[in-house]
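Asker: Protein chains in written order, with this note's numbering: chain A, 1 to 114; chain B, 1 to 112.
Hints in this document: simulated from the structure, not taken from any laboratory. Here the structure is a predicted model, which is why all the values come from computation and not from measurement. Virtual Cβ for every residue (Gly too), placed ideally from N, Cα, C. One or more hints might be untrue.
Claimed, not checked - Residues from chain B that face chain A, not an exhaustive set, calculated with beta carbons under 8 Å: (1) 33; (2) 39; (3) 42; (4) 48.
This is what each chain is made of:
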Amino acid sequence: GNSVTQMEGPVTLSEEAFLTINCTYTATGYPSLFWYVQYPGEGLQLLLKATKADDKGSNKGFEATYRKETTSFHLEKGSVQVSDSAVYFCALKGRGGGYNKLIFGAGTRLAVHP
Amino acid sequence: EAGVTQSPTHLIKTRGQQATLRCSPISGHTSVYWYQQALGLGLQFLLWYDEGEERNRGNFPPRFSGRQFPNYSSELNVNALELEDSALYLCASSLGDTSPLHFGNGTRLTVT
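So here's chain A without its partners, still in its complex pose (with noise of 0.2 Å):
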């Protein structure tokens, strides 16, 4: 079945450093791939997505770009801020018939300190 599999948290930077959160992910055919942010005490919101090989989603400063030859959707961002500590969540969503639900990796939490 489908699964997405991201590098386990926390992970601490500090502010302006570099982020990478790497994503990869297994799936019949061509899914979706996704990128949500959890702040504390909300729900996710939807920080950037990619339907086809090659896409490139950004947002916000981050960027992800959907790599069907290394089935692999990491996460970047140049230089973070105080205000990106969150937990991120990569996510995939197959087509069609039973498949067309989101399914979600482990979640990464970032602390982003002054």
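Add chain B to chain A, keeping to what the hints say.
Answerer: Showing chain B alone in chain A's frame:
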């Protein structure tokens, strides 16, 4: 545009009771999903409804059930509550297929 709304925000029940959680999707969205997020754990898929029908179900016992109404709002029922049912329950809605899921802020269920 109003987002996904869930009620109540918090719910406290005792073991053995029943809990009912409610969700209103974004206007125009026909698919509703329910997820459980237990403390320290990831998001586990519970149920998916589309056009009033249950389309898929996660690996949860039958005491977790729900329905979707003609206006596409949804209800999650948990019967015979157990302590380990304590979690944040998130509802999401979607236009379908490749469209992303949009989440509400959740209902925090505490079972004592």
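Asker: With reference to the structure, classify each hint as holding or not holding.
Answerer: For each hint, the structure was consulted:
1. For residue 33/B, the interface hint holds, the least distance from its beta-carbon to any beta-carbon of chain A being 6 Å, beneath 8 Å.
2. Among the interface hints, the one on residue 39/B is violated; its C-beta lies about 12 Å from the nearest C-beta in chain A, farther than the 8 Å criterion.
3. Restraint check, residue 42/B versus chain A: the minimum CB separation of about 4 Å is within 8 Å; hint holds.
4. Look at residue 48/B: its Cβ gets to within about 5 Å of chain A, closer than 8 Å, so that hint holds up.
Violated hint: 2 only; the structure is consistent with all others.
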